[in-house]
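Heads up: the protein sequence lines correspond to chains A, B and C, in order.
Convert by adding 204 to the 1-based position in the first sequence; the result is the number in my numbering.
Convert by adding 47 to the 1-based position in the second sequence; the result is the number in my numbering.
Convert by adding 31 to the 1-based position in the third sequence; the result is the number in my numbering.
No lab work stands behind these hints: they were computed from the structure.
Some clues are possibly wrong.
As the list claims (entries may be wrong) - In silico BS3-like pairs for lysine-lysine, Cα to Cα no more than 27 angstroms straight-line:
| no. | chain 1 | residue 1 | chain 2 | residue 2 |
| --- | --- | --- | --- | --- |
| 1 | B | Lys151 | A | Lys404 |
| 2 | A | Lys491 | A | Lys404 |
| 3 | C | Lys266 | A | Lys491 |
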Amino acid sequence: MDRSIALWRTVFLILPVSVFAVFVIWPLLSSFYYSFTNWNGFNPNYDFVGFDNFAKIYTDRLFASAAINTVIWMVAAIILPTGLGLFLALLIDSRVPGGTLFKSVFYLPICLSAVVVGQVWVWIYQPDWGLLNTVLTYFSSEKINYAWLAKPESALFSVIVAWSWQQTGLSMVIYLAGLTAIPSDLQEVCELEGSSWWQKVRLVLLPLLAPATVVVIALSVINSLKGFDILFIMTEGGPFNSSDTLAMHMYNESFRKYYMGYGSAIAVVLFLVALAIIWLYFRQLRKVDEIYS
Amino acid sequence: MSSLKLQDVRKNFGTQTVIHGIDLDVEEGEFIVFVGPSGCGKSTMLRIISGLDQVTSGRIFIAGNDVTFTHPSKRQVAMVFQSYALFPHMTVAQNIGFGLRLAKLPKAEIAKRVFAAAEVLQIEDLLGRYPRQLSGGQRQRVAIGRAIIRNPRVFLFDEPLSNLDAALRVQMRLEIARLHNRLGATIVYVTHDQTEAMTLADRIVVIKEGEIAQVGNPLEVYESPANKFVAGFIGAPSMNFLKASIRAEGGRSSIQLYGAALAYLPDRFAREYIELGIRPEHLSFSESSDCDFWGVVELVEELGSESFAYLQTEFNPEPVTIRLEPNKKVKAGDKLPVSIDRNAMHVFSESGSTVAIGRI
Amino acid sequence: MKSIAESADISASARPFNPWPGTIFACLSVLALLFLAPTFGVLMSSIKSKREIAFGQLWTMPSELFLGNFADVLSNPAVHQYLLNTFLVTAPATAASITLGVLGGYVFAKLPFKGSDLLFLALVSGMFFPPQVILIPLFRLFNSMGLIDTLWPMIIVHTAMGIPICTLLMRNFFATVPNPLRECAIIEGANEWQILVLVALPLSLPALAVLATLQFTWIWNDFLWPLIFTQSDDKRTIMLGLVFMRGQYSVAWGIQGAMSLIASLPTLLVFLFFQRYFIKGMTMGAVKG
Ligand SMILES: Nc1ncnc2c1ncn2[C@@H]1O[C@H](COP(=O)(O)OP(=O)(O)O)[C@@H](O)[C@H]1O
Ligand SMILES: [Mg+2]
C-alpha cells in the first residue's frame, strides 16, 4: 500500500517537477553562473570575470537611474492601484444598483494585453490629438500639446498611470473579496452605535482589511518589478532612459547590447529584490493571520 | 407609558411576507421573550425594532416616540448579536467603549464608563485582551457590556446563548436574569428554546410564521395555550396529541377516544373530529385495569430527576409520552393501563384552535 | 411629543430621504466612464474612415459605421499567420500547464509526504519572480537546441511558468474534495490514477474552468517571450505582430484600432463569458499565494 502510493507520487510528480526544474530552476541558477562571465550571446566561448559585472553595476549610471525608477514605480504601485481599488471596492460594496456591472467595467482592463493597453495610452498621451491634451485644451484658454511620453519629466509617471489603470481592477476585486469576508453584523454594530461612514472605514473596515491590503500591496509591488511590456510599448525606457526600470535595463543590456553576462548580473539583482519582497510578504501575512484568526 | 410599542408591523422581503402585522405593548422594565421555531421571523422582528431593517408598513414607538424611520443609533436601543459581533482587532475595552469613541467622548471618561460596565459583568480583568483570547461565555459578557454602556431604553438580545455549551447556557441564563433585576431595563429577547423563554420571561410572545400565536406570562402560555401550535411548542417533552371523535348525545357531545366516552362537552358540539392534548405529566399508569386506554412501553428515558416512557397505542400512530411517577419501574414490552387527568385536558378543533381546557 | 394615535396615521411616505445611494451611484458612474473612455476611444476609432480621423475626430462618435479598417486587417495574410501562431502556442501551453498542475496539485493535496510542503512552496514561489531572471539561460538553452525562431520555446516556457499557479489552484481545490470519497474508491479497488480521473477531476470542473480562462488570457497576451524567441515574421504571435505592424501602418489610426480589437477579441470573449471564473482565479491565486 505505502509502496504503491510512493510509486504513484513519483509518477504524478515526475513531469511537473522535472519541467519546472529544467525550465525555471536551472535557468535561475544559471543566471547566477552567467553573471560571473562575459558571455556575449553568440560566441560559444566566454571567460570568467569574477565580480566584474557586479562592480559594473556600481558604476553604471543607467543602472542607478533604473533602480530609482523601479523604486518610484513600486511606491506608485503601492499608492495608486491600492488606493483607487480600495475606494472602488468600498463604493461597490455599499450595495449600489448595478454593482456587478461596475465591477466588470473596472475589471475589464485586466483581460487586455500590455501591448494593447500601452497602445491605447499612447493615443491618450499623443501630443496633438491625444485624449488628455484634447480634454485639457477644452478647459484651458490655449491649445495644449504637451508631449507626455517624450519628456523626461513626465514619461515614467505617464506609463505608471497607464499601468495603474490596468491594475486597479485587480486590487478592487481582492478588496471586494476581503469585504465580503467581513461578517455583516460587524458592519451593523457600526450602524447601531451611530458611526459615520468615515469612522466605519477607518476604525473597522481598514483594520479588518489588513490581510487584503498585504496581498494587494505585495501583488502590486511584484507586478511593478515585472512591469516591462507596457514600458517597452510606450517609451522603451526613453526618452534618454528617463523611464528605464531594472527589467527594461536588463533587456537592453542583454538583448540590445548583447552584454549577456552583465544582463545576468542585473537579473540576479532583480531576483534578490523579488526574494526580499516575497519574504517580507509572507512574514507580514503570517503576522496579520495571527491577529485575525 | 409603554417602553416599546409595535403597531401592525409588517415586513416583506421581495414578494415574500415574513411578518404579518404584529401588535405589541411592552411595559417599562419588562422582560419579553419572542419564541418560535427557526425561520418564523424572530430575528427579523428584532432587526426591525433596532432599525437595521425597515418596516414595510406599521409603526414602532420607543418611550412614546415614533421611531419607525429613525436611524438605529438614535433609537436608544442596544443589540446583542447571536455571533457576539465583537471586533477582532479591538481589545475588550475598545469593543465596549466603541460607541463612546464614535461619539468622541474624552478618553478618561470612556475608560471610566468602560470600567463601570465591566464591573457589572465581572470582566474587569479581561479589558486588555482580544476577543480571540476569550472563551464563549466571556465573549458573551463583552457583547452585553457593549450594550450596557449605551444605557439604552430597550435591550435587544438575538439568541444570545445559542453558541454556548449546555452548562454555560444555564449559567449565563441566570446571569441575564440577574442583570435584568439589577438594571431594571426593558429587554426583548429572542430564542427558539422554550426552556429559556419559560425561565426568563415576564411575558412570552409565541410566534408562528410571522404572526403572534399567543402572548402571556409563562404559566398562562403553558397551562392555557391558545392553540395547538403553542401547546405543542411550549413544554418538553411536548404535549401528546390524540385524535378523538365527537358523538352527539341528546343536548351534549361526548368525546370518544378509541370507542369509549372520555368526557362530555358542555353544549352540543358541531364537529365530528377533535384533537385531544394531554401533557406527559397528566397521564398516569392506573393500578387497576379501569383505565382510559392501554399502551405498550416502547422505550424508557431516565433523565435522573424524572423519567418518561414512550407508549405504543392502537389508536395513535405517534407514540404517547408519559411521565413516570418517582419509583415507578416499567420496562420495554410491558402492556399497561393508562388514565388521563380529566382536569388537564386540552381540546383542539381540527384547525388547531383551542376549544376547551381543563375540567370538561 | 406627538400622541401615538396621531403619528401612527402618517403614511409610509414619511420615510426620510437617503441621499447616499444616489451619490455613490453617480460617483461610480463618472469613474466608470473615465475607465471606459480609453477602450471606447479605440473601439470608435476602428470604425472611422481615414478621412474622418484626419480631420481630428479621433475621440468623437463616428459619423457613420466604416468597416474598411477591419476588412483591411482581416485580409492581411500576416495577421492570419499571427493569429494562427498565437493559437498554436496558447492551446497546447494552456492544456499542458493545467495537466501538470493537476498532477502536482493532486499529490500535494491528497498524497503529502515528508518535505512536500517545501517542494510545494518552491514550485509556487515561481509565480512571483520577474521572467527576466531566467531570460538569458533559456535563450542560450533554446539556441543550443536550435529551437529559436520556432514556436516550441514559447510553448515550453509558458507550460513551465504556468506550473506554479496551476499547482496552487489545483491543490487548493483538491483539498476541498472530501477524503472519504478517495478512501471509498480505494476500498472499491481504484488506484490513484483512477481516483484522480474518475473521482477528483469530475468534481474539479470549476477549478479547471478557472485555470483555463486564466492561462489562456495570460499566454495569449504575452509579449516578452515571443520578443526574445522569434525572429522571422511568420513565427510572430499576434501581440508581437501588433507592435511590428504599428510601424507599417504608422498613421493609420483606424487600422491600428481595428488590429488591437481583433487581437483582444479572444480574451475579451473569454472575459465576457467566463468572467466569474476569471475573477475567482485571480483572487484565489492572489490571496492564497
Ligand atoms: N434579507 C432577507 N431576504 C429575504 N428573506 C429573508 C431575509 N431575512 C430573513 N428572511 C426570511 O425571513 C424569514 C424569517 O427569518 P428570521 O427572522 O431570520 O427567522 P428566525 O425566527 O429564525 O430568526 C425566513 O424565512 C428567512 O428566510
Ligand atoms: Mg434568528
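Are the Cα atoms of lysine 491 of chain A and lysine 404 of chain A separated by 27 angstroms or less? At roughly 23 angstroms apart (the allowed maximum being 27 angstroms), lysine 404 of chain A and lysine 491 of chain A satisfy the hint.
Holds or violated: lysine 266 of chain C with lysine 491 of chain A, Cα cutoff 27 angstroms? Violated: lysine 266 of chain C and lysine 491 of chain A sit about 48 angstroms apart, past 27 angstroms.
Sort out whether lysine 404 of chain A lies within 27 angstroms of lysine 151 of chain B, counting only the CA atoms. 14 angstroms, holds
Checked against the numbered hints listed earlier, the structure breaks hint 3 alone; every other hint is satisfied.
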